[in-house]
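K.L.:
Below, each chain spelled out in residue letters.
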Amino acid sequence: MFTRARRVVGLGSVLLFAAACGTTGAATTAVDAGPPRSGGTLRLGISSNPDCLDPQQVGTNAALNVGRQLVDSLTDQDPADGAIKPWLAEKWEVNADSTAFTFHLRAGATFSDGAPVDANAVKSSLDGAKALGAKGPLASSYLAAYKGSEIVDPLTVRVDFSAPSAQFLQASSTMSLGLLSPAAYKKTPEQRCQGDGLIGSGPFVFESFKQNQQVVITKRKGYAWGSPLWQHPGDAYLDRVEYRIVPEPGVRSGSLASGQLDAITDVQPVDEPQFTGNGFTEPVRANPGIVFNLTANTTRGVLTDARVRQAVSKGINRQEVTDTVLTKNYKPATSVLGAATPLHLDLAKELAHDPAGAAALLDSAGWRPGPDGIRVRDGQRLSAAVIFSAVFNQNQSALELIQQQLRKIGFDLRIELHTNAETTQLQIAGDYDFLWYNVTRADPDILRQTFSTKASNRSKLAQGGPLDAALDKQSATVDPAERKPAAEEAQRIIVEQAYSIPVFELTQVWGIGPKAHGVAFEASSRLRLFDAWVS
Amino acid sequence: MTGVPRRLAQAVVVLWAAFTLSFVILYLLPGDAALARLGGGEGVTATPAEIAAVRAEYGLDDSLVVQYGKRLLAALHGDFGTSVITGDTATHMVFGALPSTLALTGLALVLAVVFGAGVAVLGTYTRVRWLGNLLLSLPPLGTSLPSFWVGLVLIQVFSFQLRWVPAIGSDGFVSVVLPAITLALPTGAVIGQVLAKSLRTQLGESYVEIVLAKGASRRRVHFGHALRNAALPAVTLVGVVLGNLLAGTVVTEAVFSRDGVGRVTAAAVGTQDIPVVQAVIVLSAFFFVLINLAVDLLYPLLDPRLRAVTRG
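So the sequences go chain by chain: A and B. Every letter in the first sequence is one number past the one before it in the numbering used here, and letter 243, counting from 1, is 243. Every letter in the second sequence is one number past the one before it in the numbering used here, and letter 219, counting from 1, is 219.
Chain A on its own, in the form it takes in the complex (with noise of 0.2 Å):
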């Protein structure tokens, strides 16, 4: 049912594609605004300094929209099914399990300082991911079982792994593997994250950088080589782009508004209702990834006991979460992986609010209603604390509305805020109840990182069970026929005993100003603005 609306959705966009105007995850333009037209600034209000400016280096939503616009990838990812398109490379084979990846560049690519992309640039620009170590936390994990990269041809290369990898088709065509000229690396990851020997091939050029100021790219002209999921050939119609860094969100929704930017991201919910019609559009998109949710460590305390995790999975009403911290563009989780994660399934009704069943549930495991409300069992009261850093604005409103939720059914969610630093020194130490996060990866891969017990493992589960058998199943094959049955039975375990209790997927809110046009967002709901114009 589902794969079939996808395919109608689909076969639309083919329709719509002559009318430059998709319907597919891509931002819609104004309809009235005529044949797109080349040159012109794009002023782009962003929320945070983007600190790095290497895509292969730093992983936040404010660098990855810079570097995706500097930087080609092998291939791309459309943002309407997830599928893997020909981008530098013209095509690819994997053998039987997922352990090398052979490609086949097309000729005729440069990068900005007139270096070939070749086999040889493949190389130089993996080994130097891989180099970056933690210095690189997405490129790295892409890269975690890389051996190394064969050169076959000038443009044939070949990329080994000692482990089954199939996510690194998909890594392939993220910016954190977008290729670097050869001579990137000859100057430090220190030299490149300030744009000091940032060459990429891609459609802009990194013109500079004013740490909480603001980011300047230019077009490269001659550019023939963009990716076919793209909506024109040709060079970029935009001359440069400024990324003005405004970390107050109402200033932001305030100088779009009045005309001092052409468009903004992170769009909060409260200025939401101010881009509505009259001119603005507000393209909204769901991250691919791993959603905000709680996920316990089942070697602590009360979350022990499956059945206690899943009474708190039946006591969360995503709907009233949505409704009342976010906004209407921001869906309940209807799994473990969001909506838009190549693969995902959808277990909705596991993740229904049933404040009943959460009861019958813990009056099986014999906890009894204590004197203020939160239950008790044998002088133990039913409670844990959730951790968590401020990585997203609601993220408090949200958890003190869920700690509301819970005290209906007798549970009893201590939450606690701490900083990034400290939150990732606790999740590697395994010190936590609850943990409060989310993932964006636009691969179902993401399970096996997160909760293999080869991996993160962040349930803290024993070695062996079920689910490490599904995620290394997903992972040895690139078959969507023969990967779909493990990520969803993955997704089904991980639900079903309640390892991760999904609340609600992390949602990309743009305001796009009148003069604005075609910006818009790729698969793991990052910027793209190759097709974008200014009138």
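Derived from the structure by calculation, the hints contain no laboratory data. All the given hints hold, so there is nothing to weed out.
Using 20 Å as the maximum straight-line C-alpha spacing, the simulated DMTMM-like pairs for lysine to aspartate or glutamate come out as follows:
1) A:Lys210 to B:Asp171
2) A:Lys187 to B:Glu57
3) A:Lys186 to B:Glu57
Since the structure of chain A is already known, use the hints to place chain B on it.
P.N.:
Chain B in isolation, oriented as in the chain A frame:
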């Protein structure tokens, strides 16, 4: 004069203490910049070995004493190290942000003095009772309004409605006006409060009656005698005022999307980026020392009694 070497020694101690305290506090906080760089919950999969490698590269795995020693030695050569978060050198980040912050705090200081002194002097001078009351109620109001809110209101009115000035950025003189007013308000209010109070005290002194009895005009008494004596406590405030201004930049620069030391500081503290925080703190301490020295030297000029004491 024994004062100068002693003051220099004091200055060195202050700088050293600022350096040391900032290091110890950031070191003692849980987590470190290597972890902060992984980015909240998103940094899922870095292995402990990879994190250890980053720590080793930035010397974050050394013991407290070794790290402190290394940093102190390098700092003595003007090298505060490289930011773990941005990859830029700490000194480059801070000095790069400095001009914009100096422009902001400089204008804010001027506005604060004009506003504070103006309100205090006029408020105590006028004989129109309601006007005096109104003027003298401004400083308490100014200190109680959150500058965050003031900034947003100013932006709303002068940028979004009237469109006289840009709401964001730090290019050109126009861009500094609203933030400077925002920053000057609480500081000017403090100056106004202190000056008004000491003006009233001075005006109640017996020497004022004597001067008046001798036939001096009210204006002359007010500006020539009372103000000069009342200015002394206000000048003492300069150190505090400077502190207020620098602290205020953290909020003001963020509200007005300006680059500057306040932004750099806020980000660096949040990510426990020790090199950057230390560079900021030592620089601020240096300014403090300098200003306080200037104030000390200014005292004798304002107060002949102090001149006599120093000579004695």
